[in-house]
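Enquirer: Sequence lines, in order, name chains A and B. Quick note: the first sequence, position 13, residue 13 per this note's numbering, numbers continuous. Quick note: the second sequence, position 112, residue 112 per this note's numbering, numbers continuous.
FYI, nobody ran anything at the bench for these hints, they're computed from the structure. Beta carbons are placed, not taken as given, at the ideal position from N, Cα and C, and that holds for glycine. There could be a bad hint or two in this list.
Said to hold, decoys possible - Restricting the straight-line Cα-Cα distance to at most 20 Å, the calculated cross-link-like pairs of lysine to any residue (SDA-like) are:
{"no.": "1", "chain 1": "A", "residue 1": "Lys53", "chain 2": "B", "residue 2": "Asn62"}
{"no.": "2", "chain 1": "A", "residue 1": "Lys55", "chain 2": "B", "residue 2": "Asn62"}
{"no.": "3", "chain 1": "A", "residue 1": "Lys1", "chain 2": "B", "residue 2": "Lys11"}
{"no.": "4", "chain 1": "A", "residue 1": "Lys1", "chain 2": "A", "residue 2": "Ala31"}
{"no.": "5", "chain 1": "A", "residue 1": "Lys54", "chain 2": "A", "residue 2": "Lys68"}
{"no.": "6", "chain 1": "A", "residue 1": "Lys1", "chain 2": "B", "residue 2": "Leu60"}
{"no.": "7", "chain 1": "A", "residue 1": "Lys1", "chain 2": "B", "residue 2": "Asn62"}
{"no.": "8", "chain 1": "B", "residue 1": "Lys11", "chain 2": "A", "residue 2": "Gly40"}
{"no.": "9", "chain 1": "A", "residue 1": "Lys1", "chain 2": "B", "residue 2": "Gln41"}
{"no.": "10", "chain 1": "A", "residue 1": "Lys1", "chain 2": "B", "residue 2": "Ala55"}
Unchecked claim - Every beta carbon over 12 Å from chain A, so not counted as near; a handful from chain B, in silico:
{"no.": "11", "residue": "Lys17"}
{"no.": "12", "residue": "Asp24"}
{"no.": "13", "residue": "Pro61"}
{"no.": "14", "residue": "Asp63"}
{"no.": "15", "residue": "Gly72"}
{"no.": "16", "residue": "Thr76"}
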Amino acid sequence: KNEVEQSPQNLTAQEGEFITINCSYSVGISALHWLQQHPGGGIVSLFMLSSGKKKHGRLIATINIQEKHSSLHITASHPRDSAVYICAVPDRGSTLGRLYFGRGTQLTVWP
Amino acid sequence: GAGVSQTPSNKVTEKGKYVELRCDPISGHTALYWYRQSLGQGPEFLIYFQGTGAADDSGLPNDRFFAVRPEGSVSTLKIQRTERGDSAVYLCASSLGVGTGELFFGEGSRLTVL
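Put together the whole structure using the sequences plus the hints.
Expert: Have a look at this one:
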């Protein structure tokens with residue numbers, strides 16, 4: 001089983017602040033997912049990355065495979081970024097389709 | 001369809017009843033996944049399909065849970081003799097292939113067992 005830990009569990013920020021959410025996992029992986037879940041349950045995939053860094057708009061995801069750690073950054077945060085952010089990693093075994101999820105980080109951005 | 005579709009969006013049932021939850025993945029996606037999410041928790045893996053076959057069903061909590069995908073497209077998650085502890089949001093996702101590519105999630109089916 002791949003243990004996934006996210007921090008912080010809750011995060012409150014003022015509009016415009018730089019946000020960092022961290023994810024660590026216990027077993028080496030081929031790729032990691034960052035997901036966003038809005039109230040009401042819908043989940044959207046933000047990134048799937050296996051090395052280095054990816055950027056999409058104000059979102060940046062980095063991963064350090066050796067340290068088994070990934071971070072999600074949000075620059076110039078906005079109230080519409082308020083959501084739960086979840087990282088997920090696959091089983092290293094043959095069942096690559098089995099993902100283990102963190103509990104999520106609840107982000108609230110105030111105007 | 002344009003995205004992953006799940007029905008029903010809400011289901012309230014009584015303890016002991018049988019329930020079916022349906023997932024219609026994105027056309028052409030061979031991999032389909034079922035997850036369960038309880039309040040305040042991250043999603044928990046149940047089962048995934050590659051094509052018509054269940055590649056890994058080790059996340060199903062017990063033999064009251066069963067899922068099928070007979071034609072490699074639509075999948076149905078079946079729960080027999082429902083219990084109050086089965087109450088959760090059941091999420092379906094699909095991707096082009098297993099372990100590769102972006103995951104696309106449905107809106108989920110919220111199951112409440114009274």
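Enquirer: Determine for every hint whether it applies to the structure shown.
Expert: Verification of the supplied hints:
1. A:Lys53 <-> B:Asn62: 40 Å, violated
2. A:Lys55 <-> B:Asn62: 41 Å, violated
3. A:Lys1 <-> B:Lys11: 31 Å, violated
4. A:Lys1 <-> A:Ala31: 15 Å, holds
5. A:Lys54 <-> A:Lys68: Holds - the C-alpha atoms of A:Lys68 and A:Lys54 are around 17 Å apart, at most 20 Å.
6. A:Lys1 <-> B:Leu60: 15 Å, holds
7. A:Lys1 <-> B:Asn62: 19 Å, holds
8. B:Lys11 <-> A:Gly40: Cα-Cα ~15 Å, so holds.
9. A:Lys1 <-> B:Gln41: Holds, at roughly 17 Å.
10. A:Lys1 <-> B:Ala55: Roughly 17 Å separates the two Cα atoms, so the pair holds.
11. Lys17: 23 Å, holds
12. Asp24: 16 Å, holds
13. Pro61: 15 Å, holds
14. Asp63: Its Cβ never comes within 12 Å of chain A, the nearest being 19 Å, so this holds.
15. Gly72: Given a closest Cβ separation of 15 Å, the condition holds.
16. Thr76: B:Thr76 clear of chain A: closest Cβ-Cβ about 18 Å, beyond 12 Å.
Of the numbered hints listed earlier, those contradicted by the structure are 1, 2 and 3.
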